[in-house]
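There are 2 protein chains.
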Amino acid sequence: MKKVVILGSTGSVGVNALRVIARHRDAFKVVGLTANTNAELLAGQANSFKPRLLGIGDPSQYARVKSALKTPKRVLKGIEGLIEIASMKEADIVLVAMSGTACIRPLIAAIGAKKRIALANKEAIVSAGPIVMGMARSLGVEIIPVDSEHNSIFQCIRSENKESIKKIFLMGTGGPLKNIARNIFDRLNPSRILAHPIWKMGKKISVDSATMMNKGLEVIEASYLFGMDTKKIEVLLHPEAIIHSMVEFKDGNIMANLFYPDMRFPIFYALNYPERRVSHLPRLDFSKMRNITFDMPNHRKFPALELCYYAARRGGTYPAALNSANEEAVKLYLEGKIRFTRVVDAIKKVLKRHKNTPSPSIGDILNVDRWAKEEVKRLC
Amino acid sequence: MKKVVILGSTGSVGVNALRVIARHRDAFKVVGLTANTNAELLAGQANSFKPRLLGIGDPSQYARVKSALKTPKRVLKGIEGLIEIASMKEADIVLVAMSGTACIRPLIAAIGAKKRIALANKEAIVSAGPIVMGMARSLGVEIIPVDSEHNSIFQCIRSENKESIKKIFLMGTGGPLKNIARNIFDRLNPSRILAHPIWKMGKKISVDSATMMNKGLEVIEASYLFGMDTKKIEVLLHPEAIIHSMVEFKDGNIMANLFYPDMRFPIFYALNYPERRVSHLPRLDFSKMRNITFDMPNHRKFPALELCYYAARRGGTYPAALNSANEEAVKLYLEGKIRFTRVVDAIKKVLKRHKNTPSPSIGDILNVDRWAKEEVKRLC
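These protein sequence lines are chains F and A, in that order. Okay, so the first sequence: first residue is -9 according to my numbering, each after it adds one. Okay, so the second sequence: first residue is -9 according to my numbering, each after it adds one.
Please keep in mind that the hints were generated in silico from the structure rather than gathered at the bench. Among the hints, a few may not be true.
The list makes no distinction among identical chains, and a pair is therefore deemed to hold if it is satisfied within one copy or across any two copies.
Stated by the list, open to error - Lysine-lysine pairs mimicking BS3-like chemistry, simulated, CA-CA at most 27 Å apart: (1) Lys157 to Lys363; (2) Lys221 to Lys60; (3) Lys240 to Lys190; (4) Lys278 to Lys327; (5) Lys240 to Lys152; (6) Lys190 to Lys152; (7) Lys157 to Lys278; (8) Lys278 to Lys168; (9) Lys221 to Lys278; (10) Lys240 to Lys278.
Isolated chain F, as found in the complex (with noise of 0.2 Å):
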């Protein structure tokens, strides 16, 4: 029975994370829960699964989500409290499913305390990703991704020699705006931005889908989990989402996964690593899904993609500024503040005021997170 942590239990991922663990209660115990502000429903969550210790990111939220418990339970606040819950000793595993760049002490707390761990975060492994996977690295602690794309890439090379690696095909579905002239783009109502064709996610990353961003953060995240040159990650686009990325290797062979576009797969499949168990999930069923598409990402349309290889390329803390800068800019759209394609134009004058700081410590990376962050306010 593996004991399970959950960061973000809330959110999309985690709640699809609680529906898994539902079905297979017989093989996960969850032993700890946390969330930013959404007090009743961690407390409902925490009501069902029993975990020992509850934490709420928000400590105006405390009383609410004690309130809310059908019986008594120790309730852990602010980011402290969180960084307790993500190393728990009795937990084997933790998923990481909270959203930003919040999550990347919880993160390294999961990490110094050997957990293996489930990783659905991206902006973490953007802003801090040598760090995170060095410190991975010497404790000999398992990052198994969540994100679907590298959870595919994950599976094409568990068994291969890094070595052979020549190419990493990352697909997408191109977003909600794939085929919407770029000049309408600011003139749509925010509904249209936010429905994402295949996926159902929270308001930030389908605001990242509809600017391409999140393919290009995860181009930065596929470049560190898997220790490869962005150079030799290639979008690529597929609509129907069935292959969900692709793996070249040295002798021309693709090595692809394909699942359902549901993100329950990678969240199993990370839970239950290195085994695979009989899961009660959707199949694929190729007597109804005739016909599958790539296409080519339209670059100009989308220019978020670039920025990401070339704060890429930068190092150091620019992709810790991109990422903030495109936190602070999509919070500032949601919030009805600044057009849809200002978000891009800010992070782009950010990423041209940066002063780059080579191999950036963690404190480092939370001064640039405060500054980027503060910079897009002050420009727009």
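Use these hints to put chain A onto chain F, whose structure you have.
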């Protein structure tokens, strides 16, 4: 430097293997070559690759091989000669690229001599699968399939626990008659029957593709090679021949293997296994290949498929009887002695008259081979 024997070097796979080896002379040394009848080509290959031993299956061709050699070389003849070369001491790997059941005894000799096997012949596994695989397992001999579909399956499961496999999707183009009405099959010119849309192959296998017997034999082959019940092997059509096969695991994940449709890929993979070396083969270009399709096989139009599932369910000597009857019927078709649709009809009749021997010996299988071929001649 791997020392390679090629049994059947003048056939389509043999010739492609020598093309691959010619590009990688630093990695491979040819030590033995054999052919059945093509004396001139065999001698020409020997003049270029300088193996220590040559073998010619048809003893009447011995003098022609000898006279076409630039420098004198030992040439063995007949089945005993092929067996000697299959087990020659210095060989590291034996590529079995002969067609038909004639390869059973040389293949068994190579396994007995504990050579790694690159197996391009499917008839030996169809007819004598349990014996061949059982012997390989007990001697710790690795068999790397070269048939493109089985090579793909092998790559999909190489690191996986066999218990976690749920299903194999065995891909096929559908052959040259996929879009042609069955009632005109017998009026087609043999050149139309032999014109495969994707693969250039020998005549026997081209006829097998047209009847879809080839795919049915591959179902039986996969069943023995990977120890899977044929119930778990589904034929899926994919006319572009980009995905060469797929494996579904119990957790719902599907792994697929893709390569540009060229037999040199599986040959190169098998010769290098377990390494992956840099190849100079043509790469898949997704910017040019934007659309791939799937389709279901038409069992009524191509009854050979069901016959193969039937023979596999019966087990024992049924697959051998089916395979040998097919060899003879295809021979009669290619000699212009029977109509195209009679090929599968004849096999069906032979299977009806077949008396099964469960757990057969090699002797039993060779007897069935003779019996089935005689039956076809008698019936046609």
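Task: Ascending list of hint numbers which this structure does not respect - done: 1, 2, 4 and 6
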